[in-house]
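Trainee: Sequence:
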Amino acid sequence: MVKLSVIVPFYNVQQYAPDTLKSLRANARDDFEFILVDDCSRDETPDILARAERELPGAVYVRHEKNGGLATARNTGIDKARGEYLTFLDGDDWLAPGYYPQLLAAIEDLGVDFVRTDHVQCTARARSIHRVPHGRRGVVLRPRDIILPADRSTSVDYAYAWAGVYHRRLVDRGLLHFTDGLRTAEDRPWIWKLHREAESMAVVGLLGVFYRRGVASSLTQIGDVRQLDFIRAFDQVITETAADPDASKLLPKAVRTYCAIISHHLGSIERFEPQVARKLKSMSAGALRRMPQDVLDEALDSMDVQRATRLRRLRRRPAAAGVAA
1 MVKLSVIVPF
11 YNVQQYAPDT
21 LKSLRANARD
31 DFEFILVDDC
41 SRDETPDILA
51 RAERELPGAV
61 YVRHEKNGGL
71 ATARNTGIDK
81 ARGEYLTFLD
91 GDDWLAPGYY
101 PQLLAAIEDL
111 GVDFVRTDHV
121 QCTARARSIH
131 RVPHGRRGVV
141 LRPRDIILPA
151 DRSTSVDYAY
161 AWAGVYHRRL
171 VDRGLLHFTD
181 GLRTAEDRPW
191 IWKLHREAES
201 MAVVGLLGVF
211 YRRGVASSLT
221 QIGDVRQLDF
231 IRAFDQVITE
241 TAADPDASKL
251 LPKAVRTYCA
261 IISHHLGSIE
271 RFEPQVARKL
281 KSMSAGALRR
291 MPQDVLDEAL
301 DSMDVQRATR
311 LRRLRRRPAA
321 AGVAA
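Quick note: the sequence shown uses my numbering, first residue 1, plus one each step.
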């Protein structure tokens with residue numbers, strides 16, 4: 001039986017894929033499988049992965065004939081996975097040797113639905129440790145109990161899918177798949193759903209994932225229309241949270257986070273193509289009007305003056321006809 005399935009989407013990462021695959025080899029075990037999903041790359045990535053299928057123990061190579069984005073590629077991997085546990089890695093990141101056996105041991109010892117871990121962020125030659133924003137380590141927690149408070153960073157704000165490991169029962173309950181087709185912020189509805197609906201989790205202090213920031217081909221570095229999928233992602237967070245039995249408690253956190261993300265994008269609007277910048281403003285204005293207005297008022301009152309003023313001004317802006325998230 002396969003104990004752990006590792007799902008790794010790749011898209012035009014020929015420069016980084018060899019390091020990623022080398023680190024997977026340093027984590028291989030007879031009961032591990034590595035599902036390598038090529039999302040219709042146009043560089044040498046498919047050739048690199050075809051070789052890896054022959055040379056990397058446990059490798060399973062899948063190629064998309066059409067580019068679908070990270071969420072869709074991860075879903076392909078989930079559907080192929082046979083493991084009792086599942087985890088993720090991005091095709092331009094890498095692992096410390098022996099990290100996955102330690103991660104697997106942690107979730108088996110704790111017996112929880114999922115485990116979240118810290119990671120190392122790598123920007124050029126700089127390294128910095130980023131920790132799950134929750135202090136209690138190695139203890140079983142109820143995920144919905146650590147969504148709040150609304151005005152501080154919590155576990156739902158640490159949305160990286162690859163920073164953890166997940167039991168197969170989450171797949172069976174429909175909690176591990178991503179919203180198909182989301183090009184950015186795909187982790188946000190996913191992490192909120194896990195925290196609202198999973199029964200148990202834990203945070204552990206393992207450091208083994210090296211997350212590469214500042215990659216030129218990364219969507220976070222590209223100011224095109226795909227970036228605007230964050231609106232669809234957060235609309236989903238708001239809609240699903242509003243249907244939760246604890247909506248009155250949880251919505252202030254969801255709305256405040258959505259507002260902070262909108263403000264962040266407006267604050268760096270010069271990186272967007274002009275047409276996309278106009279669409280960002282219009283779609284964001286529409287998003288503010290779709291939020292529960294009483295909750296939005298409270299969120300704006302609690303924010304700093306600069307962000308609150310920016311969002312209130314946007315809230316008064318007419319939404320363009322026919323523009324939807």
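Some clues are possibly wrong.
Straight line, CA to CA, 25 Å or less: simulated DSS-like cross-link-like pairs of lysine-lysine [claimed, not checked]:
#1 K80 - K3
#2 K80 - K66
#3 K66 - K3
#4 K3 - K22
Don't read these hints as lab results, they were simulated from the structure.
Trainee: When the structure is checked against the list of hints, which entries are broken? Sort them ascending.
Mentor: 3
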